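Student: In case you want the letters, here they are:
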Amino acid sequence: MNKTWIIIKREYSSRVRKKTFIISTLLTPLLFALVIGVVIFITVKGIRNEKIAVIDPTGILKSKLTASKAVTYEFRSDVDTGNFASKGFSAMLLAPNTGINTTSNFKVITQKSMSRAANSRIEKDVSMALENNIIADSLKIDPQKIEDLKKQAGLTTIETLKKDELGSDKKASFNVASVIGYLTAFLIYITLFVYGVMVMRGVMEEKTNRIAEVMVSSVKPFQLMMGKIIGIGAVGLTQFLLWIVLLFGISTIMMAFIPAEVMQQVQQQGGDIPGASAQTSDAMRTMASAGFNLSTVNWPVVIGSFIFYFIGGYLFYASLFAAVGSAVNEDSADAQSLSLPITMPIIIAIFIMMNAINDPTSSLAVWSSIIPFFSPIVMMARIPFGVPDTVAYWELGASMLLLVAGFLGTTWLSAKIYRTGILMYGKKPTWKEMAKWLRR
Amino acid sequence: MPLLELRNLKKFYATQKAVDDISFGVEQGSIFGLLGPNGAGKTTLLRMITGILHPDAGEIIFEGKHFDALKDVERIGYMPEERGLYKKMKIGEQALYLAQLKGLSKEAAMTLIKEWFVKLEMQSWWNKKVEDLSKGMSQKLQFVTTVLHNPKLIILDEPFSGLDPVNSNIIKEEIYDLAKKGATVIFSTHRMEQVEEICDHIVLVNKGQKILDGTVKNIKQDFKKNLFRVGFDAAPIESDNEHFDIVEKRSDDSLIVKLKEGEKPNRLLQYYLQQNAGIVSFNEILPSLNEIFIELVEGTPTARQFQKLTA
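Protein chains in written order, with this note's numbering: chain A, 9 to 448; chain B, 33 to 343.
Excised from the complex, chain B in its bound form (with noise of 0.2 angstroms):
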């Protein structure tokens, strides 16, 4: 059963439809990756999944009944992408208030605060202001703070954005280990290279449209073109066939080739095999998320236009 499962959501806005008829389930302890350009309307979705917005049309289910925001929000952490804490607040202090916030007592959240600086070696800032850290620290203690009260759900907006790539792997490493324990993270994002490395799931969505929907594994299979690569110890013979397509012809002795319609890549290599070329490498190109993603979401507006809704 999948931890939250969203059915034909809907919010439309006066001049745009945020989110159009979207649905898809995240399993219990996977690491979810929303993906989608600027404007998408990522933004809105995860404002209804945390209570903040209330969708138009639709239904959440999270953990197999109604979500309610206001019993569900104590199980859920979300960390937006506009990251905000009180400046003139001790860093203590506000991770205390923001825990209280969300349902735990002084003595809890002290003991689990504690723990949680101890971790990310964050003591000594206890009784600093937030305008004193740097914006890779506020980021650091932003992160705490979301996960500070074990939420079930972890819903995390661009959580790299501003870290260098030491902190940046601490906080891969608490994510995953989040995970283990059987924390979901949905984690939304345009950076392709994060996602392919962190996520099961993905689900990708433009202009309020969800487009694609899968594991990472399944989705590169999908939108694989057949494409392989061989290296040789000696300059290949190029020569047309029945079997393959030569794309390109690299300088470090290797081609790029396409398979034909129905043709298994073992007909490539018995190929060469007969023709005694000496193979070193063989292997598949499979596209990245980048390609697929750039491919999906090329050719529509980058910014969406503004529309005039008469519903």
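For reference, chain A alone in the conformation it holds in the complex (with noise of 0.2 angstroms):
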């Protein structure tokens, strides 16, 4: 039996009989329905109805506070400070008595402080009764027309369309390809570090228990490299299909305790979750309409290159992070200081993707998606925008291409600084010595 294979079964199954494996395996999808239900159960109960009581001594407001399912308002005279908690409000408002043009002024007195969202919601709610009463007042118009011409402008939507899709049903949604982008090329970037630095520690667990020379009397350096690296390769798709599998079962069972109702409420409050910015609120709500636009995503596509970019960049990460553990000892500050020039590039990367994730052609995104450095995870979020109108296919060629070019060749270089690495004890040694071992 080919000895690499006696050293990839090693690899693997010593990893995934470990407890750790197993429970993080199981818990992480666990733990990811638990935060989506806790932020459901948020969005859905955390929004309580604040009665107001409003007084408005001078009549600026004209009763024309708009209620919501935040805050709901009551015109009172008979209410003060005194009663207003005993009367069943939960803060009262009061408006200046100065006149119609004071915009300041308005005072919130509450028992209990109140969330963020109905503060935020009352100032909204008053600046926008003070807006048409002053242009009403002014105008001498209606404020129920400035309301209603509101309404209408507020309606207008904006349908970004594909030249090809024009006058087709298929309507390539720009966020669905956005999220499915930010999330493959999230995984990727999540793999290349937790299981490189598995390698890593792999090797240097070999070197510091000096079991390296005992194996490489037996196997090639290389074999042994090969095996861990492959082992562990092994390891990451075994937890990466669980995991799948997992989420598709819980979110299935998930769903079908979810009513209806409390998704389009979550999508229509988004806005409204305390401490939620504009950006994952957005990513929540296009998250809830994904449903009815996953269809317009090529996923043959985008499901092959997930997998060729999850190993290539896999690979050409691991046997760097192997090159680095063979060269450091048990000191794990010098395995940190050692690997940052093989952790920055990943790290660059994802900023990179971010900013491509925005503007998908733009030249960053479409260089960097060809530089094997950087090509696995921002390649990954381009191709969901689609093949080929976004990614060209001669783009998406070359940065295959140059990605099992560089790990041929980061195997290659690593390899060389492994063989001596792993037999080598006492300090780390330093750049221009690694270089030496290259050019033996």
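Hints may be right or wrong, so weigh each one.
What the hints assert, rightly or not - Interface residues of chain A toward chain B, partial, derived using beta-carbon atoms under 7 angstroms:
{"id": "1", "residue": "R218"}
{"id": "2", "residue": "I219"}
{"id": "3", "residue": "V222"}
{"id": "4", "residue": "V224"}
{"id": "5", "residue": "S225"}
{"id": "6", "residue": "S226"}
Because the hints were derived from the structure by calculation, they are not lab data. Predicted model only: the values in this text are computed from it and were never measured. A virtual CB, placed ideally from N, CA and C, is assigned to each residue, including glycine.
Bring the two chains, given one by one in their own frames, into a single complex with the hints.
Tutor: The following block contains the structure:
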């Protein structure tokens, strides 16, 4: 039997049988589901209805505050700071009595502090009402008319269509593509880090346990290195497959339990989630609507290239991590400083990727999706936007070819450092010394 | 025909000549001692013989053919000085794994492992992990994994370090046994008393060069200083004569004497017989390997100085 195969089997089975592997594989999807569940729960339940008593002695609001899910208003004159709580109001809004042109000096008096969402809601409602009233007052028109006109203008939507999709039913959703690109690129980013570091630790373990010398008296250092890289890569693939299966299972179960109107609520109220930035709520809304648009994505291409860039990117970086692991000893600080030149491009790639999501055809996105140091992450972010209209065939071809050439190159380079480094004990080598190992 | 022959082997590192033109042969079935002080180049030499390092110059002949690391490593068992096992792996699986990497099939490996585990009373260890073993126990395991695949050539670097006398003896017996069955053992150490006891043939290296090569008996003869010890029944007469010099007078009524150049031991006995002295014992004092080792190595710096090499 081939010796590399024996090594792959050991590297694989010794990791897959570990408790930490089993636990992290099972818990991660559960945690993921839990987070989504909590977000939904907070969105739906977290928005309490606040009843506000409005004291408006001069009538500048003209009873025009629009109630929403979060806040309802009642114009009262029989309420004061002493009794609003006992009358069932959570707060009291005091309008100034200095005339309509005063837009400051509104006061909200509460018993307990209200949520940020309710506070900002009140502010918005008041300024809306004032805006309408001031305009109506100075132009002498009906406030209702202004309201209607505004509503009409607010209905404007812009539909983004690609040239060849004109007239067809197929609507490519820019948002869906960016979510898929973001997710897949991020998955590859995590893979490179987690499993790359796992390779590095494995090599370091062999070196510090002094098993390396025993091993290389039976097998070639190259076989040992490749066995480890492939074995750990298989562990990664296994974990991802299990995650996909588990996530699919959990989400099916979750969808069955969450009523449709709750999902709708989540969609509508994304913007009101306390603490949620505009971007995340956008993403949430897109996710919620993604269900309708998933069919517009070219799945075979996306999945195929995901597998390619997953494996290619892993092989490209894992051998570099193996080389670093062979060069250092127990000292994890050494490992960190030596692996910095490897982790830097991965981190840079994630920044380029975020840029590429917003502008997938910019020259930065195009060129960095061809350079093998960044391509696994950046190209993966671009592909969901469509091949060949966003990513030209030549770009994809060049990127794939260069990645294959790249990992052959890094493997060759790393093997040279590895075979010398793995038998070197003592202090951490300098870059100059490592360069010398390459020439041997 | 020697099993292993090294011809003008050289290996230079950036700052030193680790192995500088060393040649010797190792006979089939012999127990061969490779000696030298720390940093003499022993490990580099062994790593070349095990195919881990490639010599810069020279040739290794294994079983009459040019040494081919890829094929021949399966017929070599190497236990390096820096012992190493996977700490988290179970003993049985570990032995099986290492045996499979030496080219054994799973079934053959299992049979051999069981045999050895019974022989060395390790059966109960199978499901233990290496990290649960004491140093001596893991040493035993390391030895088993080294010789499991019935190698033609067994290379042991300091095999007894960390072993108690009982286990040391067990391993020693196994080494004799393996040699008797036809395996050749190369034994690297700086524990001279073990070498004297076990080895047939030794090579001493220092500063990357061979400085001694021969059988233990011949080497002792070569380095003897014509010293004899004569025991008397009463305090002996000390007198100068043309045959020998008295080196030391011992408190147990014996003398250490050194024969002069060209004199035979019989002359010494004759001399005392003529004097009517009562001789109760007479024996030659041969130098121990330890003394020879120290004599040869002393004076050279124990740790090698780093030097710049221009070549």
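Student: Broken hints, numbered, in rising order?
Tutor: none
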